[in-house]
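J.: Using the sequences and the hints, build the whole thing.
Going line by line, the protein sequences match chains D and U. Take the first sequence: its position 387, counted from the start at 1, is 387 in my numbering, and no numbers get skipped. Take the second sequence: its position 220, counted from the start at 1, is 220 in my numbering, and no numbers get skipped.
In case anyone wonders, no lab produced these hints; they're calculated from the structure. Remember, predicted model here, so these are calculated numbers, not experimental data. Please note: incorrect hints may appear among the correct ones.
Claimed, not checked - Estimated spans, in silico, between C-beta atoms of each pair:
(1) U:G202 x D:L487: 33 to 39 Å
(2) D:E378 x U:A171: 47 to 53 Å
(3) D:P497 x U:Q209: 35 to 41 Å
Beta carbons: idealized from backbone N, C-alpha and C, even for Gly.
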Amino acid sequence: MAAALTVSWSALAAWPHWLIVLILLPLGGAVLTPALYALQRRLVPWWALLVAGLTALTVLPLLWRLAHEGPFSYLPGGWARPYGVELRFDEFAALLAAAVALLAPPVLLFSRRYAARAVPAGRLPFYYTLLLLNLGGLLGLAITADLFNLFVFLEVVSLSAYALVAVGGRPVAELAAFKYLLMGAISSLLILLAVGILFALTGSLNMADVAQRLPALATPAALTLAAAALLVGFMLKAALFPLHNWLPEAHASAPGAVSAVLSGLVVKAGIIGLVRTYQLFAGVELLDTANLGAILVWLGAASVVMGSFFAVFQHDLKLMLAYSTITNIGYIVMGWALASPQAMLGASLHLFNHALIKTTLFLAAGALIYRTGLRTLEELRGIGRTMPLNCAALALGALAIVGVPPTAGFVGKWFIALGALQAGRPFFALVVVFGALLAAVYYVRIINAFYFREPEQKAVVTAREVPWSMLAPVLLLALLCLGIGLLARLPVEFLEPAVARLLDGRS
Amino acid sequence: MKKPLVIALLILLALALLAAMAELPAVGQADAPVHTHVSARYIEQGEAETGAHNLVTAVLLNYRGMDTFGEVLVLFTALCAGFAVLLAAARNGNKHYRQPPAPQESGAVPVIAVSPVVSFVVRLLAPFIALFAAYVILKGHLSPGGGFQGGMILGALFIALTLVLGKQYSARLLPVAWRPWLYALAPAAFLVVGMIGLQLTGYFLGYPQEPAWHGVREAMMVTLEIAIGVGGAVLVASLFLALESD
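T.: Here you go:
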């Protein structure tokens, strides 16, 4: 029986088209959403949930095949690389794809009741359309192996993200979205410039092909500009200090479910972009990649410290969470740039785990705002008594993001700290510990306000738990925050060969 | 103090950009990698491999069809993003939303009467402009032109007609019930044609190469061109209508 099951699984996973289906499902689903709304508007939230669920299922055979065969490609149109566009499913693509798959269904289930209130009725179909486009764009960006295709999917992700921030219609959010749009446009422009330069230098757009042809070039200034433009462009998308200015307002003023996607997943697009940049330039001797790494380590460390520092002084719950995203992006970039096997492993794990934890936190915070309309810790004090389950989920998420041992947040930070020691730079292990301590300070403030203070606001005293369709995804994700930390062996074994390959300069 | 600093930084940035640009191969240099690597095959074998007589179309719909699919999606995303921020944020149960602006006093918005000459000329030229748009769309895979360009011409025609003949006419030209389907036209056409290609060749967005299937291949490409064109026109027209209603 078990043998038969295994065989049919591998037969299923061997179907070559899963990779294209993975992006066609959410993108196709998004395209049809406005039309479905015109026909049967009540079905739209369920439709979006169905599409997200099917997309999530598509990731399973892909992961299976990746685990058994290693990275594999799909060639749309059948054109051999570098002549056509190549899609490639490697471990880092898998990481982002798995995070999207895991988080998209809960976010969309949560959205059904939440968006009905937070988004003006006429804009609802476009809320779901943009959310699905955003998720589909993220998947496309994760799996593409082509520079221009990467840019195209990055635009799908960015455009939908700008609009999703403003979709609620609050003037604060509209202003934040505009700021986000300006910064995002600069970053897209830089990335496009770099893609153009690389094409002019190599005549190719396929990443692996470009990476092969770059070391033979003798054009230091052009190469430096391309690398710098890519680096700054993706740092802006990832909101790495000191290019983080746009993030807090945008993520805090967006509707709760959108904040979850933006903070959990969209900033990771910048990280994936940085990883791809590294893969491109790893073999180029004209550029000292070690120097680039040194800059990124320091920027990552600065991000950790400054993000936590700003978060400590916030009163708005969602602003706190937004600043904490800057901190966590800092951990991930620092881990990557330390370039020791364990630090890279930790950064990869943290990319996934932070997505899970931050989604939990933003959804739980969104639920509090949904019930009470209040946003600051001062106003929300005592909410732990009237919405115990939701606050328990938030507290669990808070423990996880601080990195208390059995939770999801611990593993990544642990490996990054170990990696810093492995790289012979104990200072950065201290940064990890320092960041965790600061995080503990501001999350203790949250927990103190929720559980140990008397309620003052009427809305807090009369609050009830949110409906089950909102509470269930929050609770499920909170339990995963706890559980995934215990299952860390699996992803570690999965990622180790990928990290080793990356460090060897083979992609 | 701030201004000189900004100017100095801009000059530095410009120098860095110029230094990099100076190292790029000169435009038109025959042995530049842009001409010798990937493009060489497009130029030598493009027509035979793709059946598109216009090499731009060969790259657009064949070699890099995924990019064009993505671009069509970017346009669709832009349209939805426009709607998501332009459509009235009517109150629905949350006190945070701003009230829709009070109806304006009559006469506050000046109604500009369209001159009879302009109106006559636009109506006179409309069929010819439409014909030209169709020509650009369909001719695209033979000579310069294509769906994106033709679609813009069609969209501009729609805007001109709306300005001259009023909104009632634009509702007849672009029925409200059809609009959400037309928004989806271009990306949906890519999905359908891509899936047909998958059935025929085993690759998403593949085109059958055998001479016997020549007609099918032409039909697939023309379908995409028309869908891109009509979709583009609808995009321009819808954003115009959404802006106007605000």
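J.: Is the hinted range of 35 to 41 Å satisfied by the C-beta distance from P497 (chain D) to Q209 (chain U)?
T.: For P497 (chain D) and Q209 (chain U) the Cβ distance comes to about 38 Å; the hint holds.
J.: Please test the hint of 47 to 53 Å on the beta carbon pair from E378 (chain D) and A171 (chain U).
T.: Taking Cβ atoms as reference, E378 (chain D) and A171 (chain U) lie about 51 Å apart, which means the hint holds.
J.: Verify the CB-CB distance for G202 (chain U) and L487 (chain D) against the hinted window 33 to 39 Å.
T.: Check passed, 38 Å falls within 33 to 39 Å.
Every hint from the earlier list agrees with this structure, and none is contradicted.
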